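Colleague: Sequence:
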Amino acid sequence: MAKFEIFLDRSNLYRWRLRAGNGEIIAVSESYTTKFNARHSVAVVKTIAPSAYIIDLV
Numbered sequence: 039m040a041k042f043e044i045f046l047d048r049s050n051l052y053r054w055r056l057r058a059g060n061g062e063i064i065a066v067s068e069s070y071t072t073k074f075n076a077r078h079s080v081a082v083v084k085t086i087a088p089s090a091y092i093i094d095l096v
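Residues 39 to 96 (the working numbering) are what the sequence shown spells out, left to right.
Hints were generated in silico from the structure; no laboratory data involved. Certain hints may be false.
Claimed, not checked - As a list, the in silico DSS-like pairs of lysine-lysine whose alpha-carbon atoms are at most 25 Å apart:
hint	residue 1	residue 2
1	K41	K84
2	K73	K41
3	K73	K84
Said to hold, decoys possible - Label-pair distances were calculated between CB atoms; the ranges are:
hint	residue 1	residue 2	range
4	L46	I92	25 to 33 Å
5	E62	L95	30 to 38 Å
6	F45	V96	27 to 35 Å
7	R77	S49	31 to 39 Å
8	A40	E68	29 to 37 Å
9	I92	T71	12 to 20 Å
10	D47	A81	16 to 24 Å
11	L95	K73	28 to 36 Å
12	N75	K41	18 to 26 Å
13	R48	S89	15 to 23 Å
14	A87	D47	16 to 24 Å
15	R48	D94	15 to 23 Å
16	Y91	N50	31 to 39 Å
Note that the coordinates shown come from a computational prediction; the quantities given were computed from them, not determined experimentally. Glycine included, C-beta positions come from ideal geometry on N, C-alpha and C.
Sequences are here, hints too, so could you generate the full structure?
Modeller: Next up, the structure:
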């Protein structure tokens with residue numbers, strides 16, 4: 039099962055990463071100064087992702 043992980047990066051800022059069920063990292067966020075903002079970003083992504091378009095740039 040996929041999961042979001044919130045972690046501190048080398049600059050001591052919060053980020054999240056999305057891991058696939060096989061453990062592979064498939065997305066990493068920008069950095070946030072608070073854990074609250076990182077968690078809020080996860081909630082936003084979870085809300086908008088199901089309706090996001092796929093744009094093929096190749």
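Colleague: A separate judgement is required for each hint: does it hold in the structure or not?
Modeller: So, going through the hints one by one against the coordinates:
1. For the suggested pair K41 and K84, the alpha carbons sit about 11 Å apart, so the restraint of at most 25 Å is met.
2. Restraint check: the Cα-Cα separation between K73 and K41 comes to about 17 Å, which is no more than 25 Å; the hinted pair holds.
3. The straight-line distance between the Cα atoms of K73 and K84 is roughly 17 Å, inside the 25 Å bound, and the hint therefore holds.
4. Taken as a hint, the range 25 to 33 Å holds for the pair L46 and I92, whose Cβ atoms sit roughly 32 Å apart.
5. In this structure, E62 and L95 break the distance hint of 30 to 38 Å, their C-beta atoms being roughly 22 Å apart.
6. Range check, F45 to V96: Cβ separation about 31 Å, and the 27 to 35 Å hint holds.
7. At about 18 Å, the beta-carbon gap between R77 and S49 misses the expected band of 31 to 39 Å.
8. Taken as a hint, the range 29 to 37 Å is violated for the pair A40 and E68, whose Cβ atoms sit roughly 20 Å apart.
9. Checking the proposed 12 to 20 Å range against I92 and T71 shows it is violated: the Cβ atoms sit about 32 Å from each other.
10. About 20 Å separates the C-beta atoms of D47 and A81, a value consistent with the hinted range of 16 to 24 Å.
11. A beta carbon spacing of about 33 Å between L95 and K73 agrees with the range 28 to 36 Å that was offered as a hint.
12. Separated by about 19 Å at the C-beta atoms, N75 and K41 satisfy the suggested range of 18 to 26 Å.
13. Between R48 and S89 the beta carbon distance is about 34 Å. The supplied range of 15 to 23 Å is therefore violated.
14. Take A87 and D47: their Cβ atoms lie about 22 Å apart, and the range 16 to 24 Å holds.
15. Between R48 and D94 the beta carbon distance is about 34 Å. The supplied range of 15 to 23 Å is therefore violated.
16. For the pair Y91 and N50, the supplied restraint of 31 to 39 Å holds, since their beta-carbon distance comes to about 35 Å.
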